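Dock chain B against the given chain A, drawing on the hints supplied.
Number of protein chains: 2
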Amino acid sequence: MSKIDQYLDSNAVRFEGELCEFLEIPSVSADADRRDDMRRAAQWVADQLRRMQLTTEVIPTEGHPLVYAESPTVPDAPTALVYGHYDVQPTDPLEKWTTPPFEPTRRDGNLYARGATDDKGQLLTHLKGVEAWMDVVGRLPVNLKFLVEGEEEIGSRALEQYIAEHADRLACDCVVVSDGNQFAPGVPAITCGLRGIAYYEIHVTGPNRDLHSGSFGGSVTNPANTVAQILAKLIDNEGRVTLPGFYEDVVSLTDRQREQMAALPFDEQEYFEQIGVTGAVGEVGYTALERRWIRPTFDVCGLWGGYQGEGAKTVLPAAAGAKFSFRLVPNQDPAKITEALRRQLDAWCPPGVKIELVQHQGGPGVLVPQDSPYIEAAARAIEHAFGRRPVFTREGGSIPIVTTFHQQLKADTLLIGWGQEDDNAHSPNEKFSLADFHRGIKASAKLWEELGKC
Amino acid sequence: MSKIDQYLDSNAVRFEGELCEFLEIPSVSADADRRDDMRRAAQWVADQLRRMQLTTEVIPTEGHPLVYAESPTVPDAPTALVYGHYDVQPTDPLEKWTTPPFEPTRRDGNLYARGATDDKGQLLTHLKGVEAWMDVVGRLPVNLKFLVEGEEEIGSRALEQYIAEHADRLACDCVVVSDGNQFAPGVPAITCGLRGIAYYEIHVTGPNRDLHSGSFGGSVTNPANTVAQILAKLIDNEGRVTLPGFYEDVVSLTDRQREQMAALPFDEQEYFEQIGVTGAVGEVGYTALERRWIRPTFDVCGLWGGYQGEGAKTVLPAAAGAKFSFRLVPNQDPAKITEALRRQLDAWCPPGVKIELVQHQGGPGVLVPQDSPYIEAAARAIEHAFGRRPVFTREGGSIPIVTTFHQQLKADTLLIGWGQEDDNAHSPNEKFSLADFHRGIKASAKLWEELGKC
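Heads up: the protein sequence lines correspond to chains A and B, in order. Under my numbering, think of the first position of the first sequence as 1, with each following residue one higher. Under my numbering, think of the first position of the second sequence as 1, with each following residue one higher.
Next comes chain A alone, as it looks inside the complex (with noise of 0.2 Å):
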């Protein structure tokens, strides 16, 4: 066993010790009222840094500060960027959760709380292997930077800006993401492939004010029911979307590459089940792992309108709205989609009412090539920590900083997610396993290793 190993073995239970610390931070990014969690939970990551002898530094940007550090200079060695989000998704509905969502607690070998695995868990992985080859062999065998964002959750606006601001500091060789899953329990995975997504909110306004359906229900556009008009027209009784253009630019696989995807070892009934619904739905002609990966969709994230408490109330509502996404696969432009829905949107409008068009995200998805060297050296450490190696998959869920990593710093983008389909990200009970924390932190050191061979 190396003494980096050892190392990690005998500081596993401190480093739970401080991950929990992490965890018991409620930095919501989406609340406004967490603003002052926020830059803790910057402070925090940048203590981290420091103590390890990285040059760090915590920058203030419009939204939530980023985190920015580097290890001291190794001649003639690649340089690799670490990325990793501080900020966590909202926690409602709260009392869905079984604990409170900041007081990490330890159950069956995981540890729940909001942010386990979405990202703060994950992101301390590569901390600690930094911290093990500092404090093992007192140096790193690989020069690192670490770029650490607050607003992973709601759009990376600050960061898309300083990257774009700041690309000849952020050189580096390839870019190193944890924010994401294995393939299976047991089955560690490489993803060189993530859509890409496109959010929208609809504001929906009618009357100028609330009325009662009785009295005026039948002469007037009600918000609500276009609202359900608008969201239905978007997508098809095939499970296509329906704007014009869509899949214009939609890259289809080989039947090969469409092969190997069947190969791998996904038991549709099992994934139905796990989730609670009976039988695969979605886009005609796909599997249920296609329709996730490699096939556009269109998804409501959020209804409302009206009355929503007990019993019944005969109102017209003055306003309703929705919130909303595409998910987009490579080739597909964001910006071509805000533009045809904003066409559609004008055409169905009813008169009557009002609708308005906010853009929350966007981002291309990615594709990374499986034969960078790169990828190979996360291979090895992967099967060094895991005991097997990895298998090359795709991510139906969107990184889009992945897609500026690639366009601003052109470089090959490692993702090596730790976490399980099941961990509950953006979910009530959201959780990590300890047992793939330590492999995490395993995978990491050997990565410094396997990445300064290259």
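Calculated directly from the structure, the hints in this document are not laboratory data. Since the model is a prediction, treat every value here as computed from it, not as a measurement. Careful: at least some of the hints might be erroneous.
The list makes no distinction among identical chains, and a pair is therefore deemed to hold if it is satisfied within one copy or across any two copies.
[Claimed, not checked] Here are the simulated BS3-like pairs of lysine-lysine, each with C-alpha atoms no more than 27 Å apart in a straight line:
{"hint": "1", "residue 1": "K233", "residue 2": "K145"}
{"hint": "2", "residue 1": "K354", "residue 2": "K233"}
{"hint": "3", "residue 1": "K336", "residue 2": "K410"}
{"hint": "4", "residue 1": "K336", "residue 2": "K354"}
{"hint": "5", "residue 1": "K453", "residue 2": "K145"}
{"hint": "6", "residue 1": "K96", "residue 2": "K336"}
{"hint": "7", "residue 1": "K3", "residue 2": "K233"}
{"hint": "8", "residue 1": "K354", "residue 2": "K96"}
Below, chain B alone, put in the same frame as chain A:
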């Protein structure tokens, strides 16, 4: 000036004080936490009736109590049953009220409070009409029965049952109901038709927890998508409800009847300006008045699901729902509508979700014959108080209980509303004109006299 009218004049200030007292009781029937306030409101009505020497009972029910009273017998005079309700609509959105809903406030000749026009203010006019006769003359010129409920806004379940079981006790020659509007300011009306209602709630449930819309989206039926699709399918592009057989029993008006309706002093443009919308919308081929009075329609009253907070949350919600109503016209049968709806929901329910249907209210529309002597008596009483003969109109809203009176008591119903269209019934800033309140009392006192002559 008659002695009765003099009495009303000299007690006007006290009447307003008593109305304020009544309005201060937050008797929201839909709110399970208001049971004590409901009892207080019932007791308040009963105390009023007892003070006027009516034999009065507060009748407990499984829901909110009923108040029943009978005046001392007047031989050879007809009997009128006066109906009203002491319950009020919920107050949300509370932040839109200029003054608190249960702190009655005078502004510009109006009294603002939840229940001011619907129905506490209007109900009180009939109590004060009785009081005048008892105090000035010592007896009434007609036999009166009062039946006042606390569940009008939530379906009148207890009242329906009480009427079914006590038709003999409630036997009468006509029913008097003031729970609606005049045709326009200065244009009193007798409403000879009401639309019916069928009000439902659907709960759509899918996966066993909220899911990340990226990781899962496309492969799982989204309950919020489903809600939108179901609601959108219920009405077509021409404003017609799509349920099979929905229009089968609708009685079309004769050309003559449509001409009479078109002759009413109704300015569509002014109507739309008042509610802040531009231009006419609704079922193709009908005027705004016809769409409100003689045509059935479909309105979403409430809509919910997923994330409604600030910013973007990429969630595929585990559940979503909606409240909605069909407004019915004579002779549509709510039971047939429920059956058709249930069949369509079964047919439309996509795989992977369940749809639960809850029915809240159901009652057919009603028509009152214009040639009844009681209608003529009401017309004379209204002319006495308002200074002009009433027009004969319809109303888009429902008083399902009026249908029950027709069916169970075989009595004509006099629908004589003292409210105004812009009184904000069911909306924030509900009000009642104090001038209409006093004219209503004057008309009521005269009505007892006119009915006594029938």
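Here's how the hints hold up against the structure:
no., hint, verdict
1, K233 to K145, "neither (46 Å within a copy, 54 Å between copies)"
2, K354 to K233, "both (17 Å within a copy, 21 Å between copies)"
3, K336 to K410, "within (23 Å within a copy, 65 Å between copies)"
4, K336 to K354, "within (22 Å within a copy, 35 Å between copies)"
5, K453 to K145, "within (17 Å within a copy, 97 Å between copies)"
6, K96 to K336, "neither (38 Å within a copy, 39 Å between copies)"
7, K3 to K233, "neither (61 Å within a copy, 66 Å between copies)"
8, K354 to K96, "between (36 Å within a copy, 20 Å between copies)"
Of the numbered hints given earlier, the model fails hints 1, 6, 7; all others are met.
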